[in-house]
Every structure is written in structure tokens, then in C-alpha cells.
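When you number the sequence shown by my numbering, it's gap-free, plus one each residue, and the end is 188.
Since the hints were made in silico from the structure, they are not lab data.
Among the hints, a few may not be true.
[Said to hold, decoys possible] Distance windows between CB atoms, simulated:
hint	residue 1	residue 2	range
1	Ala5	Ser151	43 to 49 Å
2	Arg129	Trp38	36 to 42 Å
3	Lys103	His64	36 to 42 Å
4	Ala34	Phe93	17 to 23 Å
5	Leu39	Ala98	19 to 25 Å
6	Glu84	Ala31	32 to 38 Å
7	Arg176	His102	40 to 46 Å
8	Lys177	Phe93	20 to 26 Å
9	Lys42	Met147	20 to 26 Å
10	Val43	Arg74	22 to 28 Å
11	Ser151	Leu94	22 to 28 Å
No residue lacks a Cβ here, since even glycine has one placed at the ideal position from N, Cα and C.
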Amino acid sequence: MEVAEAQREVRSVYLGSFVGHLVIGLLWLASAAVSTWLSLKVGAISLVIAGFFIYPLTQLILHLSGRPASLSRENPLRELSIEVAFMIGPLFLLVGAATLHKAAWFYPSMMIVIGAHYLPFSFVYGMRQFIGLSVILMFTGILVGMYAPSLSTAAAWFAGVVFLGFAFVGLAVSRKECVPLSSPTGA
């Protein structure tokens, strides 16, 4: 399988990351709401816990929609996407250290980590839009963390909206291609 074909399959199976970004956006908005109306600590904990359910929820939604929910075994980008996703775990240690130093750095540091994690997805999906998403998240996280930590929860609301916006950008890109899959398993 050539790289361009592998990227096309990734965009087709995951709808340009529409479902994933929809799930992530809604979880960030829920966490921002908890931070706004309860406390930053509870909001932060809720986002960390919810983060473990992003992939299962994405898979569930894809299955319920009758779509394939995984890449073919022949796709060389399958392993790379798993490796990129797993790099978030160790980076949570940095977020934890930043948050222990200053609680208001939780959302900005999460935005920086998640933004950096999206750079390789630009290659995995073959979509330059991930670079834009990455830059927006990292730049906002850096600015808020360094210059306006009091806007931490507002940054979480912003990130949720950004994820939802990019969900629809990804959907538009994947629909533009209209790549039919050869079978329900994507093989």
C-alpha cells in the first residue's frame, strides 16, 4: 500500500477525524463547564479521566453509524497512529508537574501537549489542517500559560470550540474525496 493510498484510507475510515474531534470537543466543553461551575480541580480531573474514553467512544460511534472503525492490516500508518496516540500518556507527567506548580496551567499545558501530539497526524491523515489545529492549540496554550493564566478555563472553552470546528473541517475534507471503502471492514 502506497503512502497516499494509506492516508486516503485513514481519512475515509475516520471521516477526516470528524468523530474523534467531535468527541474531544464535547469532552473539553464538558470539562470547561465543570471548571466554570464547580472547580478547576474537578474540571481537570474530569478531562483526564474522559481522555481515556476518547478512542472507545470514537470507535463506538463509528460502529453505530455502520462504518468501518479501524484501518486495514495492510495500512502502514496503522502502527504510527497508535504510537502517536500513546505519546500523550507520558506527556501527562509534564502536565501534572506544571499543574502542581500552578493549577491554572492545567488547560494551557494540555493544549500545548495535545497540540504537539497533532503534528504527526498531519502526515497520518495527509491533511495539512492538523498543522493549523496544532499551531492554534500550542500558541493559545503558551500565551494563556505565560501571560494570562487566569484565563485558563476560558482557554478550555476555546479549545472545545476549536476541536468542534476542526471536526467539521475534517468531515468536509473527507466528503470532498468521496472515497468508497471496498468492504465493511475496510479491507
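The hints, checked one at a time:
{"no.": "1", "hint": "Ala5 - Ser151: 43 to 49 Å", "in the structure": "holds (46 Å)"}
{"no.": "2", "hint": "Arg129 - Trp38: 36 to 42 Å", "in the structure": "holds (37 Å)"}
{"no.": "3", "hint": "Lys103 - His64: 36 to 42 Å", "in the structure": "holds (41 Å)"}
{"no.": "4", "hint": "Ala34 - Phe93: 17 to 23 Å", "in the structure": "holds (22 Å)"}
{"no.": "5", "hint": "Leu39 - Ala98: 19 to 25 Å", "in the structure": "holds (24 Å)"}
{"no.": "6", "hint": "Glu84 - Ala31: 32 to 38 Å", "in the structure": "violated (28 Å)"}
{"no.": "7", "hint": "Arg176 - His102: 40 to 46 Å", "in the structure": "holds (44 Å)"}
{"no.": "8", "hint": "Lys177 - Phe93: 20 to 26 Å", "in the structure": "violated (35 Å)"}
{"no.": "9", "hint": "Lys42 - Met147: 20 to 26 Å", "in the structure": "holds (22 Å)"}
{"no.": "10", "hint": "Val43 - Arg74: 22 to 28 Å", "in the structure": "violated (41 Å)"}
{"no.": "11", "hint": "Ser151 - Leu94: 22 to 28 Å", "in the structure": "holds (25 Å)"}
The structure shown violates the earlier hints numbered 6, 8 and 10.
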